[in-house]
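Enquirer: Letter by letter, the chains look like this.
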Amino acid sequence: MEVLIAALIEMAEPLRLAMLVLGVLLGLIVGVIPGIGGIFGLTILIPITYGLDPISAFALLLGMASVTTTSDTIPAVLIGVPGTVGAAATVVDGHEMAKNGEAARALGAAYTASMIGGVFGAVMLALSIPLMRPLVLMLNYGDLFAITVFGLTLVALLSGSNWIKGLLAAHLGALVAYIGLDPYEGVERWTFGQVYLWDGVPVAVVFLGLFAIPELAGVLARGQIQTTMLAPEPGGLLRGISDALRHWRLVLRSGSIGAFLGAVPGVGVVVIEWVAYGDAARAKTDAAKGEPAYGKGNIRGVIAPESANNAKEGGSLLPTLAFGIPGSASMAILLGAFAVHGVVPGPKMLEDNATLLVTMILTVALANVLGAVICLGLTPWLARLARVPATSLVPLALVFVGIGAFYAGKDWRDLLLLVVFGLLGLVMRRLGWSRPAFALGFVLAPNLERFFFLSWQIAGWSWLTQPVVVIFLAIAATTVLRRLVGWRRGRGGKAVEVPTRLDLGFTLVVLATVLVAGVSLMALPQAAAIFPAIVAGSTVLFTLVLLWQTGRPTAAGDRQCLAPDIGFILIPAGLGLAILALGHLAGPVMFLLVAAWRFGRPGPVLALVQAGAAAAAVYAVFDLLAPQRWPDPWLWPG
Amino acid sequence: MKPLSLSLALVLSMGLAAKADTLSIQVGYAPGGSFDLVSRLVADHLGAFLTGNPEVIVENVPGAGSLKVAKMIMADPSTEGMVLGSVNSALALLPVLDPENTDFDPTKAHYIATMSTESSYCITPLATGIKTFDEFLQSGAKVGATGKASSTYTYPAAIKAAFGANIEIVTGFEGSAEIDLSMERGDLQGRCGISAANLVEADMLTRYVVLGEIGTAPSAIGPKTEFILDKVRDPASKAALKLIFAAADIHHPIIVAPATPPERVAELRAAFDAMVADQGFQDDANARGYLIGYRTGTDVEAVIAGLLATDPAIKELARQMVQ
Numbered sequence: 001m002e003v004l005i006a007a008l009i010e011m012a013e014p015l016r017l018a019m020l021v022l023g024v025l026l027g028l029i030v031g032v033i034p035g036i037g038g039i040f041g042l043t044i045l046i047p048i049t050y051g052l053d054p055i056s057a058f059a060l061l062l063g064m065a066s067v068t069t070t071s072d073t074i075p076a077v078l079i080g081v082p083g084t085v086g087a088a089a090t091v092v093d094g095h096e097m098a099k100n101g102e103a104a105r106a107l108g109a110a111y112t113a114s115m116i117g118g119v120f121g122a123v124m125l126a127l128s129i130p131l132m133r134p135l136v137l138m139l140n141y142g143d144l145f146a147i148t149v150f151g152l153t154l155v156a157l158l159s160g161s162n163w164i165k166g167l168l169a170a171h172l173g174a175l176v177a178y179i180g181l182d183p184y185e186g187v188e189r190w191t192f193g194q195v196y197l198w199d200g201v202p203v204a205v206v207f208l209g210l211f212a213i214p215e216l217a218g219v220l221a222r223g224q225i226q227t228t229m230l231a232p233e234p235g236g237l238l239r240g241i242s243d244a245l246r247h248w249r250l251v252l253r254s255g256s257i258g259a260f261l262g263a264v265p266g267v268g269v270v271v272i273e274w275v276a277y278g279d280a281a282r283a284k285t286d287a288a289k290g291e292p293a294y295g296k297g298n299i300r301g302v303i304a305p306e307s308a309n310n311a312k313e314g315g316s317l318l319p320t321l322a323f324g325i326p327g328s329a330s331m332a333i334l335l336g337a338f339a340v341h342g343v344v345p346g347p348k349m350l351e352d353n354a355t356l357l358v359t360m361i362l363t364v365a366l367a368n369v370l371g372a373v374i375c376l377g378l379t380p381w382l383a384r385l386a387r388v389p390a391t392s393l394v395p396l397a398l399v400f401v402g403i404g405a406f407y408a409g410k411d412w413r414d415l416l417l418l419v420v421f422g423l424l425g426l427v428m429r430r431l432g433w434s435r436p437a438f439a440l441g442f443v444l445a446p447n448l449e450r451f452f453f454l455s456w457q458i459a460g461w462s463w464l465t466q467p468v469v470v471i472f473l474a475i476a477a478t479t480v481l482r483r484l485v486g487w488r489r490g491r492g493g494k495a496v497e498v499p500t501r502l503d504l505g506f507t508l509v510v511l512a513t514v515l516v517a518g519v520s521l522m523a524l525p526q527a528a529a530i531f532p533a534i535v536a537g538s539t540v541l542f543t544l545v546l547l548w549q550t551g552r553p554t555a556a557g558d559r560q561c562l563a564p565d566i567g568f569i570l571i572p573a574g575l576g577l578a579i580l581a582l583g584h585l586a587g588p589v590m591f592l593l594v595a596a597w598r599f600g601r602p603g604p605v606l607a608l609v610q611a612g613a614a615a616a617a618v619y620a621v622f623d624l625l626a627p628q629r630w631p632d633p634w635l636w637p638g
Numbered sequence: 001m002k003p004l005s006l007s008l009a010l011v012l013s014m015g016l017a018a019k020a021d022t023l024s025i026q027v028g029y030a031p032g033g034s035f036d037l038v039s040r041l042v043a044d045h046l047g048a049f050l051t052g053n054p055e056v057i058v059e060n061v062p063g064a065g066s067l068k069v070a071k072m073i074m075a076d077p078s079t080e081g082m083v084l085g086s087v088n089s090a091l092a093l094l095p096v097l098d099p100e101n102t103d104f105d106p107t108k109a110h111y112i113a114t115m116s117t118e119s120s121y122c123i124t125p126l127a128t129g130i131k132t133f134d135e136f137l138q139s140g141a142k143v144g145a146t147g148k149a150s151s152t153y154t155y156p157a158a159i160k161a162a163f164g165a166n167i168e169i170v171t172g173f174e175g176s177a178e179i180d181l182s183m184e185r186g187d188l189q190g191r192c193g194i195s196a197a198n199l200v201e202a203d204m205l206t207r208y209v210v211l212g213e214i215g216t217a218p219s220a221i222g223p224k225t226e227f228i229l230d231k232v233r234d235p236a237s238k239a240a241l242k243l244i245f246a247a248a249d250i251h252h253p254i255i256v257a258p259a260t261p262p263e264r265v266a267e268l269r270a271a272f273d274a275m276v277a278d279q280g281f282q283d284d285a286n287a288r289g290y291l292i293g294y295r296t297g298t299d300v301e302a303v304i305a306g307l308l309a310t311d312p313a314i315k316e317l318a319r320q321m322v323q
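Going line by line, the protein sequences match chains A and B. Note that the working numbering numbers the first sequence so that position 9 is 9, with each residue one more than the last. Note that the working numbering numbers the second sequence so that position 174 is 174, with each residue one more than the last.
Next comes chain B alone, as it looks inside the complex:
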């Protein structure tokens, strides 16, 4: 009997050990990208600002430009708020750009914060000889994109439609690394949707011309270049383009399941606010080359509500632009 009772005790204790509470940030992309980097930065600090100081871990759940993890979080029935999602900001525009896709509802998910509000940029290699955004629009350039739901596709598609530009979008790249190498090789002549943080990596600024800035307001921290929205004349096109570019205002959002109670949402938001204000966190972010452009969860939800309340005609125009 002794071995039997010992066995049962072992199994029981291990079963309970498996339930130890850990807060997980599920990243919708593979390790190494900017979503992964910011999540790991948060994971290293957030626990200290939450009740009970839980361990915070990062799990990578790549797929469909983070729609996979967003859908999983939407379906998460737990009410403890122990699983956060690090997802693409463009998902907030899913009801606008792909109304038939009900995998993610930005009005039901709780936004805890956004870690960045940085603009994106259009770039071309020096070797193309293209010097300005206007030249780019008439160049017949091939621009690289990953999937059709990604901002590497929606941004150039919207620009093409708004300006009647003579550019082509090549889709199917596995990641931005492949797009960049294809530009180096001369197969592609441009990329729209690169962040300021990526632009300052390696010696990119010495090899590329920054053609224009994608965002709803000129950035204070990125490279100085033409602000694309200022160049659109037609008011309707400008409004639609602004809607599409608004994703940059909530870059790197963090979400939690709709089932999470308001008190827990508030606690998570307060922890993020306190963490970002902490000097240790800021120093660490600087050391890792991460540009902080923090916005609170309440702010993010207000921004999204504003976007979704846009005139239906403008939303329809935006949707057509990114087809």
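Just chain A, with the same shape it has in the complex:
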């Protein structure tokens, strides 16, 4: 208690509070801008901290890192664009709610869940400190493999109306994730000789393409974010807050997932949010009565990932504090800050730096509260965006999506892949292939391969008898069996989908691509080929089942067509070309001016102001705050 009081007194100093507020404000800004995340903010702030005392320094750093996953909900809910990779799961139900005029409710629930989850993560961290070393070491790679298998079974729950399409989507995600150098042999898999792909397809680009592009296409097609012409529901914000409080069990459950998996190096926020989302969907029967289905605007689908991704921050501090071993790149940067300030991490911190340790935990908790309160205060204004004309909103949002993707590697291929995955997302959405299932396959498949090879090298096959492994594999098997039985029982009563030539065409394209990819694996060493080969084989099998199930397409289904999707994808493609030809500032300006001329709004003066403001914002973030060396524009080479 004495230490707590001492820590509170230390934190109350004006400079430290100011650093906390500054960190939180920067974290909120970083969270809103697509494609960048906490690491971006930390690398900006580290030099500033050299001149600060340790408590102020960590108030600034942790204040920033704790809230990026609070504000990333804003673009996720309002325009379907994940602000950081940690908000992709929030898009699924959050943006659906915004379409239904429930943006304020979704945001209210998300911030409240983020706040409680974040504080819960900090409390878990505080409680874990006396036991932190055994806790961090509790799970070995065999256990993590089994948990990953369990995570993959959640695909069955995210598959939408057609579970085979869901499974196939997850398989496609896994196959995309296997692009790059394999973790065991270090050989190239499906890289087409491109060094760009050695580290795999950039996660941010995949998620921006898969989620942001199709959702922005939807907004443009509707004319505004909201589907209905009704005014946004009054009191939505309060209702959202009350939803999160009413689902407190889910908030804490997801918070536990976030804090616990956050403490495991190599898992990461992308995995955590999808596992929390899938877990919520698994337990849907207990309290979701009256709510829409998952993927259609279920409030629990917003609460779960938001609680988990904020709770993660507390958990991820554990390995750093316990052993001085950073669990993530952010924590590695933080560890560098420890060294600068002469702080030695480890259990001895309780003796040597107890006050600092408690101020760090307090910082995480206070930052989460402050971040949520600021966001809640902004919500009534932000929710009005739901009725802004799409022709003004979508080009502007696309600029930040495009720059966010280009920031990933500052390479023309970032923009090409954004368009490719955007088109894939549009087709998947139109044909009912679950994008969340793709995301789950994409984030979990690499871990499945890596954890398997590590377990096998360390313990042969004996890890298969470990209690955690047995329990999670049993739960996974039960989940799949129950789902299969449920499908067999329920298939008679469901409306039959009308197959279209588009369905058939897309399935055949998938089949042909996977067959070619599968054959190319034969040139690789066995260890590098085995996992992709299993997934490719399984994809072929399920594709054949889908073809058999689809049957002969009928003309009735051909009312669906890809023309609007292809029409829309030309817009981000044009933006990409503008960025490459004119640079990261002039490109977006030109794009916005052309969009204003093409859509007939806003007027010339307002369009100029809007374009100038967008370029100024990009310049402020990517040239002033964190200078980048952007490639020379094609029109201004050398």
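Since the hints were derived computationally from the structure, they do not count as laboratory data. Wrong hints could be hidden among the right ones.
As the list claims (entries may be wrong) - Have a look at the derived ranges for each label pair, beta carbon to beta carbon:
no.: 1; chain 1: A; residue 1: Val-516; chain 2: B; residue 2: Pro-77; range: 31 to 39 angstroms
no.: 2; chain 1: B; residue 1: Thr-79; chain 2: A; residue 2: Ala-616; range: 28 to 36 angstroms
no.: 3; chain 1: B; residue 1: Gly-129; chain 2: A; residue 2: Val-468; range: 21 to 29 angstroms
no.: 4; chain 1: B; residue 1: Ala-313; chain 2: A; residue 2: Ala-626; range: 46 to 54 angstroms
no.: 5; chain 1: A; residue 1: Ser-520; chain 2: B; residue 2: Pro-223; range: 44 to 52 angstroms
no.: 6; chain 1: B; residue 1: Gly-129; chain 2: A; residue 2: Thr-465; range: 24 to 32 angstroms
no.: 7; chain 1: A; residue 1: Ala-581; chain 2: B; residue 2: Pro-312; range: 46 to 54 angstroms
no.: 8; chain 1: A; residue 1: Ala-616; chain 2: B; residue 2: Pro-77; range: 28 to 36 angstroms
In this text, a Cβ means the ideal position worked out from N, Cα and C, and glycines have one as well.
Following the hints, position chain B against chain A.
Expert: Coordinates of chain B only, in the frame set by chain A:
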């Protein structure tokens, strides 16, 4: 017409603004590691020692143990020398250890400097009960490694071959953090290839036994322990091991594209030399816990030339040792 001309002026000015000169240090690893830390240290000081005082920034381009960024720099056609690479020292041995891999040619890239020459070490957790390097060699210990091209693999593989050691190498860890946690958990019994700077982090020295030093000459600044090279009897094995360990002599090298003209290379080298001699830089490095063991670019290139001129039979033996 007014909005149109205004628009054109805006686009033109922004296009030119995008071309502002900035010197970039591209790091072949993710933020937070030692390569990132040293690059950020350099970025905070180097600009003051270059003509025009350009802004110096750090960009992380992780992939394949920095081979990705090395390959990108090899292919960079620009002659301004405004993109530097912070890459793994072991890449200098690529023609020896992986002759078929032509992604990086250390004889064509220009080495500007190396920021460190520190030795690496083999360690084991106290809990294993292994007390000496000789015990370690016969222990059947599992040793963690990231990729097969990384020094966490090449060092133990070479040791295993040179001593006929009974150790196993487990590959596929995403980074040294995962290896360290696996040692804490008892899944692994060792790691070969940890730097002195990392060893003094946290309370590692109280929890680990430092078994041996990996380098071509005993270090003056690291922990005192057995010098591994001294323990090898067979002259050929010793020469091959020395070749593999020589990467430690040019730890944290900085490179620039082959297309860079000699005058620019000389200017960059002079700027690095002046920066390292500066008291402000040294104080900052000390504050950040970075151990400086600087060598000039000319020195580094001489070291590499010497390594690559090694007897072909020894090079072949070294290559076999790390397979």
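Enquirer: None of the hints should be skipped; say for each whether it holds.
Expert: Hint check results:
1. At about 33 angstroms, the CB distance of Val-516 (chain A) to Pro-77 (chain B) agrees with the hint of 31 to 39 angstroms.
2. One distance hint, 28 to 36 angstroms for the beta-carbon pair Thr-79 (chain B) and Ala-616 (chain A), holds here, with the actual separation near 33 angstroms.
3. Roughly 27 angstroms separates the CB atoms of Gly-129 (chain B) and Val-468 (chain A), a value that falls within the hinted 21 to 29 angstroms.
4. Distance hint check for Ala-313 (chain B) and Ala-626 (chain A): the Cβ-Cβ separation is about 51 angstroms, which falls inside the suggested range of 46 to 54 angstroms.
5. In this structure, Ser-520 (chain A) and Pro-223 (chain B) meet the distance hint of 44 to 52 angstroms, their C-beta atoms being roughly 48 angstroms apart.
6. Range check, Gly-129 (chain B) to Thr-465 (chain A): about 26 angstroms between beta-carbon atoms, so the 24 to 32 angstroms window is met.
7. The hinted window of 46 to 54 angstroms between Ala-581 (chain A) and Pro-312 (chain B) holds, with their beta carbons roughly 50 angstroms apart.
8. Between Ala-616 (chain A) and Pro-77 (chain B), the C-beta spacing of about 32 angstroms keeps the proposed range 28 to 36 angstroms intact.
Against the hints set out earlier in the document, no violation occurs for any number.
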